[in-house]
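K.L.:
The residues making up each chain are set out below.
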Amino acid sequence: MNLDVLAILAQTALLLVLAPLLSGLIKNGKAKLQNRRGPLIWQPYFDLFKLLRKDMVISEHASWIFSLTPYVVLLTALSAGLLVPMVTAAAPMSLFGGVLALVGLIALGRFFLALAGLDAGSAFGGMGSSREMTIAAIAEPAMMLAIFTVAITAGSTNLSRIVLASQGPASRFLDPSHALAFIAMFIVLLAETGRIPVDNPATHLELTMIHEAMLLEYSGRYLALIEWGASVKQLVLMVLLVNVFFPFGLATEPSPVALGLGLAFLVVKLLALAGAVVLVETTNAKLRLFRVPDLLSAAFTLATLALVSTFLFQ
Amino acid sequence: MSIDPAALLVGSLAGYLVGAVVGLLVMRRDRWASACSFGAAAISASFGMLAGLTSLSRAAGTPAPRFELLPSLIPYIKLTVRLDALSGFFLLIVGLLGFALSTYSLGYAKGFFGRKNVGVLGAFFNALLLATTLVVVADNVWMFLIGWEVMALTAYCLVSFEHERPEVRDAGVLYFVMSHIDAGCIILGFLLLFQASGDFSFASLHDIGATMSPHRRDAAFVLFLLGFGIKAGIVPFHIWLPAAHPVAPSNVSALMSGVLIKTGIYGLTRVCFEFLGTPPLWWGVTVLTVGTISAVLGVLYALMEHDLKRLLAYHSIENIGIILMGLGAALMFLHTGHPALATLALVAGLFHTINHATFKGLLFLGAGAVLHATHTRNMEDMGGLAKRMPQTAFFFLVGAVAISALPPLNGFVSEWLTYQALLQGFGTTASLTRLIFPLSGAMLALTGALAAACFVKAFGITFLAQPRSEHAAAAEEVALSMRCGMAVLAAACVALGLFPTAFIRLLDPLTHQLTGVQLSPRVSFANGLVLASLAENTGTVSTPGIVMMLAGLLPIPFGLWLVFARNAKTRRAPTWACGQRELTPQMEYTATGFSKPIRMIFKALFRPRRDVQREYDYSPHFATKLRFESHVEEVFVQRLYRPLQIVLLRASRRIRVLQAGSIHAYLLYIFVTLLLLLLFAL
Chain R
1 MNLDVLAILA QTALLLVLAP LLSGLIKNGK AKLQNRRGPL IWQPYFDLFK LLRKDMVISE
61 HASWIFSLTP YVVLLTALSA GLLVPMVTAA APMSLFGGVL ALVGLIALGR FFLALAGLDA
121 GSAFGGMGSS REMTIAAIAE PAMMLAIFTV AITAGSTNLS RIVLASQGPA SRFLDPSHAL
181 AFIAMFIVLL AETGRIPVDN PATHLELTMI HEAMLLEYSG RYLALIEWGA SVKQLVLMVL
241 LVNVFFPFGL ATEPSPVALG LGLAFLVVKL LALAGAVVLV ETTNAKLRLF RVPDLLSAAF
301 TLATLALVST FLFQ
Chain B
1001 MSIDPAALLV GSLAGYLVGA VVGLLVMRRD RWASACSFGA AAISASFGML AGLTSLSRAA
1061 GTPAPRFELL PSLIPYIKLT VRLDALSGFF LLIVGLLGFA LSTYSLGYAK GFFGRKNVGV
1121 LGAFFNALLL ATTLVVVADN VWMFLIGWEV MALTAYCLVS FEHERPEVRD AGVLYFVMSH
1181 IDAGCIILGF LLLFQASGDF SFASLHDIGA TMSPHRRDAA FVLFLLGFGI KAGIVPFHIW
1241 LPAAHPVAPS NVSALMSGVL IKTGIYGLTR VCFEFLGTPP LWWGVTVLTV GTISAVLGVL
1301 YALMEHDLKR LLAYHSIENI GIILMGLGAA LMFLHTGHPA LATLALVAGL FHTINHATFK
1361 GLLFLGAGAV LHATHTRNME DMGGLAKRMP QTAFFFLVGA VAISALPPLN GFVSEWLTYQ
1421 ALLQGFGTTA SLTRLIFPLS GAMLALTGAL AAACFVKAFG ITFLAQPRSE HAAAAEEVAL
1481 SMRCGMAVLA AACVALGLFP TAFIRLLDPL THQLTGVQLS PRVSFANGLV LASLAENTGT
1541 VSTPGIVMML AGLLPIPFGL WLVFARNAKT RRAPTWACGQ RELTPQMEYT ATGFSKPIRM
1601 IFKALFRPRR DVQREYDYSP HFATKLRFES HVEEVFVQRL YRPLQIVLLR ASRRIRVLQA
1661 GSIHAYLLYI FVTLLLLLLF AL
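The listed protein sequences correspond, in order, to chains R and B. For the first sequence, my numbering begins at 1 and goes up steadily by one. For the second sequence, my numbering begins at 1001 and goes up steadily by one.
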């Protein structure tokens, strides 16, 4: 029991600490690839602590939804993170929900964020909400189908079970279905975290922004909570991707060596995935909004192929 | 149980009858008529709810109470009712909704005082509840059909309640026609069953499909699917729903969306799982496909609406689709011989049935409250209501979160069960048909995400930001009884969401009756805290656990505030208006604008058309007058029903020649018909 509580606390802390670092790494890596010096990888922490201390301005047109949303965004991202195996193969809260609950929790956060975007009454917020919900809607089937492929092979929607199943002797690594599902999920990851071919996290250019447009009226502590929540969500999705598709090195016993090894593996895998994201962001241009469905239907097709190949190549 | 469900049922039926009669008697005095009829309805509905609960909690194995309501004067027709678990479940839905809606109506009817005849409204409201109750407890075909027809007719009268407006009359007629087509299909279906059984009682129809020839059985299935499907509003027979639901008074819309269309689900469940025997594969595939298509198209059309009540009506089509996905999967599993999995899918469908009844009822009541306060159904004229009607906004938000299948509310739980059933369905067969499971699962995901988008729009445009019209600016919170009605349903959404295992335990007698499996021991773990799908290792979820988790993490933002932000100040200021003098409602995003990306992405379906007219003095960029019109094509109306209507009218014009007006010709027709019949008989 004590061990469980410890695991929950440790994973929560890890999520909170690692998330801004990952954002910083991606930002820095992008700058390096573009021959810029770029911000420090610690910069997101400085930003968060500065924002937390600042005064807030809240729109007088906004209702209580606006004040509730930052909490919902952070808390749903964190609880989604507790359902994912990070360092240990057993996620601390995996009994409370599997991958469907994870998707649901992230959707709950997005629902409130989109409402908050509309709440202040500015056109930008509404535009951001509208686009965010649209992209989420067309990304969802591809994501679910890719998840189903993994869940069907593992016989469970429970993430710990999925990880254990693909860790065992019946490892599906490099299996065509797994590879296709991975690519589909990677595209969905880019869409869900607002990365470049879909959205540009660096822009505040009015007409192209999606995620940033919803946060435009936020300031101070609330903005910090939302930014932190968004980076936790990004971390959770990336951990989901690396640990479901490359479940190497996850600790199966609570010994310090296994845990240390698990953490090291996690960091290496995340670095590799972050590298991939940086590469995609640097080598691609942002797509026009109405080209995004093409990208996501490509992901859907890949996921369908992945599903078909689960029983074609058995 | 010491309480006799039969007595409760009779009490409830009598109460509705009294409510209807008294409502008519005192209809001259609005206040009295409203209080008497809706008060009686509320009391009778709570009796009905109790009757449903007690007959659900009856110990397994004891026979269902079965009795004659009234001695019948006609020899064939026996007015018998039976309270088995399936009837009990639907009785619970009728009772719960009836109670909440009647409470709400006490306040809502005030809007009609002095304007319309409230007594008549109350009387028909009671009659509709009475007929619906009769439909779900009927024990023979006659009783069922009588209830069905009374239900259709009273609903027609309620839809046409504000018949001064031509759109209401049109909608009423459309509903009338569709409900008679469905009644016709159902009658034919029952006649096919009667041919095999020779008796009209439901007991004699039990498993009758096993004795029928496959062709007749299939024909009966198709007729029932058509009949009950039209009532439930499946695509492509859905067109009456978005026409009829919005024009009815809001309490009636909620009753129709929450209860009336569920009788289609009741009929389908009763017939497919009890009468028709082990289904062939294609039944399940058909129902699952129809469900998937209805779900996706329903939500896509809902997104295009900016009439709040039409939007909700389209969502009913979506949710009926989701229910049918569960039922269709269950039929497929019965075919492949997986009773436990079939039970899981069936429970997913039935759970979604009661969930949809609660949250859709709640949302229609919320829409009614908004309509009551702003006198408009057009979302583009609303806005800012969260500040003016905070409690209504909160209840509507609960409904919106529930219908968008977001944790931890009830919509999430039933869709989770549906996902699990579909996922496990993949392993039940080796044929290519198994691809249908994950694909419809993906479509369910699309539906859920689009529903979330739609309710961000519905809630955001209606309740948030600044009011877009004077009516919205002057809106006030609605009467206490209306808020109570909404609170009951909101509480039901939360309770069903947080205690799914307890509810599934309640359904055990029902599943035992239909599939022979009791589900709750196989899905309820950790003292009911955790919901699993048949086994603990195939997937678990715990909505109370999720709530505990969220609550447990709350110290983090609080701690951050304590450490960093205790001295920070909060200031309120207007939203930046890009340098304009002040922010006006015209700058806000509109409902039409919100759904534009979806409209463009699915333009092959919607075929959007827009018409912009500018008047300007020197440059088109500085228009002095702007007229903007945007249309979405209703594919089914334009491409299916219009041509059909034209063909029908043309055919009727031809046939009209027969009706020459001469009595000699008519006598001749009668004579010829008689002759033909005699020849046929020989």
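Any given hint could turn out to be false.
[As the list claims (entries may be wrong)] List time: in silico BS3-like cross-link candidates among lysine-lysine, alpha-carbon distance up to 30 Å:
hint, chain 1, residue 1, chain 2, residue 2
1, B, Lys-1387, R, Lys-286
2, R, Lys-54, R, Lys-27
3, R, Lys-269, R, Lys-286
4, B, Lys-1596, B, Lys-1387
5, B, Lys-1110, R, Lys-54
6, R, Lys-30, R, Lys-54
7, R, Lys-30, R, Lys-286
8, B, Lys-1603, B, Lys-1625
9, R, Lys-286, B, Lys-1603
10, B, Lys-1110, B, Lys-1387
11, R, Lys-54, B, Lys-1387
12, B, Lys-1596, B, Lys-1569
13, R, Lys-30, R, Lys-50
14, B, Lys-1569, R, Lys-50
15, R, Lys-50, R, Lys-32
[To be verified] Per the computed footprint, the stretches of chain B lying under chain R, defined by three or more beta-carbons under 8 Å from a beta-carbon of chain R, are:
hint, stretch
16, 1012-1021
17, 1105-1111
18, 1349-1357
19, 1461-1471
20, 1537-1543
21, 1551-1562
[Unchecked claim] Which bits of chain R does chain B cover? Going by a derived footprint, with three or more residues having C-beta under 8 Å, they are:
hint, stretch
22, 57-70
23, 118-129
These are computed hints drawn from the structure, not numbers from a lab. We put the CB at the ideal spot given by N, CA and C, even for glycine.
K.L.:
Next, verify each hint and record whether it holds.
P.N.:
Status of each hint after checking the structure:
no.	hint	verdict
1	B:Lys-1387 - R:Lys-286	violated (39 Å)
2	R:Lys-54 - R:Lys-27	holds (24 Å)
3	R:Lys-269 - R:Lys-286	holds (26 Å)
4	B:Lys-1596 - B:Lys-1387	holds (27 Å)
5	B:Lys-1110 - R:Lys-54	violated (50 Å)
6	R:Lys-30 - R:Lys-54	holds (29 Å)
7	R:Lys-30 - R:Lys-286	holds (15 Å)
8	B:Lys-1603 - B:Lys-1625	holds (28 Å)
9	R:Lys-286 - B:Lys-1603	holds (23 Å)
10	B:Lys-1110 - B:Lys-1387	holds (23 Å)
11	R:Lys-54 - B:Lys-1387	holds (27 Å)
12	B:Lys-1596 - B:Lys-1569	violated (39 Å)
13	R:Lys-30 - R:Lys-50	holds (24 Å)
14	B:Lys-1569 - R:Lys-50	holds (14 Å)
15	R:Lys-50 - R:Lys-32	holds (25 Å)
16	1012-1021	violated (count 0)
17	1105-1111	violated (count 0)
18	1349-1357	violated (count 0)
19	1461-1471	holds (count 5)
20	1537-1543	holds (count 6)
21	1551-1562	holds (count 6)
22	57-70	holds (count 10)
23	118-129	holds (count 10)
Of the numbered hints listed earlier, those contradicted by the structure are 1, 5, 12, 16, 17 and 18.
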